[in-house]
Amino acid sequence: MAHGHATPTAPGEIPKAQTKEIWFTFWILFFVTALEFVIAFTVINPEARTFRIAFFVGLTIVKAYFIVANFMHLRHEAKSLIWAVILPCTFIMWFIVAMLYEGDSVFVSRY
Amino acid sequence: MATATVAKPVDKIWNGGVEPLKASYGKLMMWFFLLSDTFTFGALLIFYGFSRFAHPAYVGKLDDYTASQAWWPVPDKVFNGLPFVHGANLPLVFVGIMTFILIMSSVTMVLAVEAGHRMDRNDVQKWMLWTLLGGACFLGCQAWEWTHFIHGSDAGALVNGKIVHGASLARNEYGPPLFADLFFFITGFHGFHVFSGVLLNFLIFYQTVMGKFQSEVGHYEMVEKVGLYWHFVDLVWVFVFTFFYLI
Numbered sequence: 001m002a003h004g005h006a007t008p009t010a011p012g013e014i015p016k017a018q019t020k021e022i023w024f025t026f027w028i029l030f031f032v033t034a035l036e037f038v039i040a041f042t043v044i045n046p047e048a049r050t051f052r053i054a055f056f057v058g059l060t061i062v063k064a065y066f067i068v069a070n071f072m073h074l075r076h077e078a079k080s081l082i083w084a085v086i087l088p089c090t091f092i093m094w095f096i097v098a099m100l101y102e103g104d105s106v107f108v109s110r111y
Numbered sequence: 001m002a003t004a005t006v007a008k009p010v011d012k013i014w015n016g017g018v019e020p021l022k023a024s025y026g027k028l029m030m031w032f033f034l035l036s037d038t039f040t041f042g043a044l045l046i047f048y049g050f051s052r053f054a055h056p057a058y059v060g061k062l063d064d065y066t067a068s069q070a071w072w073p074v075p076d077k078v079f080n081g082l083p084f085v086h087g088a089n090l091p092l093v094f095v096g097i098m099t100f101i102l103i104m105s106s107v108t109m110v111l112a113v114e115a116g117h118r119m120d121r122n123d124v125q126k127w128m129l130w131t132l133l134g135g136a137c138f139l140g141c142q143a144w145e146w147t148h149f150i151h152g153s154d155a156g157a158l159v160n161g162k163i164v165h166g167a168s169l170a171r172n173e174y175g176p177p178l179f180a181d182l183f184f185f186i187t188g189f190h191g192f193h194v195f196s197g198v199l200l201n202f203l204i205f206y207q208t209v210m211g212k213f214q215s216e217v218g219h220y221e222m223v224e225k226v227g228l229y230w231h232f233v234d235l236v237w238v239f240v241f242t243f244f245y246l247i
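One line per chain: the protein sequences are V and H, in this order. Going by our numbering, the first residue of the first sequence is number 1, and it counts up by one from there. Going by our numbering, the first residue of the second sequence is number 1, and it counts up by one from there.
One chain only, chain V, in its complex shape (with noise of 0.2 Å):
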C-alpha cells in the first residue's frame, strides 16, 4: 500500500500517472472555497449572521473531508487506522462546545 502499488511492467519502464481523483479533490476545494467567497460578499445584512457562520463551519468541515481522506489518503488505510485518527478527534466537538457556553457565560458577568 505504501509503496510499490504499481510496479514497472519492464525494467526502465514508469507506468502513466493516475491523477484523476487528485484533480477531483482539487475542484472540490476549489469550488467550495468559491462558493465561500461569493458567500461573504453577498450574504451581508446581519439577521443572516446565524446562517453565515453555520454555512461557513459546515463548509469548513467539506473541505476537512477531501482533504484528509483524499489527500492524507486516509480512506484508503485500514479501518482501525481510521478510527484511531477520527474518535480522538471527536472530543474536540465537545470542548469547543463547552468553551464557547463558558465564553458566553464570561460576556454574561462582564456587560
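Worth flagging that the hints you see were computed from the coordinates, not collected in a lab. Values in this document were obtained by computation on a predicted structure and should not be read as measured data. Some clues are possibly wrong.
Okay, derived cross-link-like pairs now, DSS-like style, lysine-lysine, Cα gap no bigger than 25 Å in a straight line [unchecked claim]:
| hint | chain 1 | residue 1 | chain 2 | residue 2 |
| --- | --- | --- | --- | --- |
| 1 | H | Lys212 | H | Lys126 |
| 2 | H | Lys12 | H | Lys27 |
| 3 | V | Lys79 | H | Lys27 |
| 4 | H | Lys77 | H | Lys162 |
| 5 | V | Lys79 | H | Lys22 |
| 6 | H | Lys12 | V | Lys79 |
| 7 | V | Lys79 | V | Lys16 |
| 8 | V | Lys16 | H | Lys77 |
| 9 | H | Lys126 | H | Lys27 |
| 10 | H | Lys212 | V | Lys16 |
| 11 | H | Lys212 | H | Lys27 |
| 12 | V | Lys20 | H | Lys126 |
| 13 | H | Lys12 | H | Lys22 |
| 14 | H | Lys61 | H | Lys77 |
Using the hints provided, position chain H relative to the given structure of chain V.
Chain H in isolation, oriented as in the chain V frame:
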C-alpha cells in the same frame, strides 16, 4: 509448517507479530503526531472562539463600522489590504490568494507522492520543486500580511487618548489587544509549521535529487510521510481561514 503460521486467526490480530493498522511505523507516528498537533491548534482556535463569545460583537450596519476597543473587530474591516495597492479596501482578496497558493502546493505534494508510487524520480523532483515554491510563496504572503497588520492604516485609531497605528501585542488599532495577540499567536504558529514543512520538503527534494530513495532505500515512503505533514498544514489553514477571515 509454513501454511499454519500464515493463516492467523482474526481474534489474535492485536496479539503482536502482525500489523493491525497496516501502516509502517513511520507513517503511524506521523499520524499520531498530527493528531496531537490537531489538539494544539484546536485549543488555540477554541480559545479564539471563547474570546469572541466573551467580547461584545459589533451590531449595526457594516458601512457604518468603525474600529473600537469596545467590540471585537469585523475581519473584513481589518484584513482588507493588497500589495502594491496602498490604502485598498479589498477584503478577502489577498487571503484568497494565500489560500489558493496553499491548496495548490498541497495538490503538487500529492502529485509527488503519486509519482513516488510509480518510482518516477523525475516527476517526484518536479512536483517537490513546485511544492517548495508554493510554500515559499505562502510564507512571503504571510510576511506581507503581518507587516500590513503591524503598520496599520494611515489614519490609525484613537486608543486611550492616543492615536495608534497598527497592532502589537500590547496595543491594537483594530480592537481589543487580545484580537491581535491571537492573530499573531495562531497565524504565527501555523506559519512556523509551514516554515518547518518547507525545510522538510527541501530535505526530501534534495534526497530525491541525490537518488537516495530510488536506489538506496528502494521506495518513496518518506515523500508520503512528509506529504502527510504538508497536507495537515493546509488543513489547519482551512480552519484558520474560516475562523479568522470569514466568520
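Exercise for review: Run the structure past the numbered hints and jot down the numbers of the failing ones, going up.
Suggested key: Per hint list: 7 and 8 violated.
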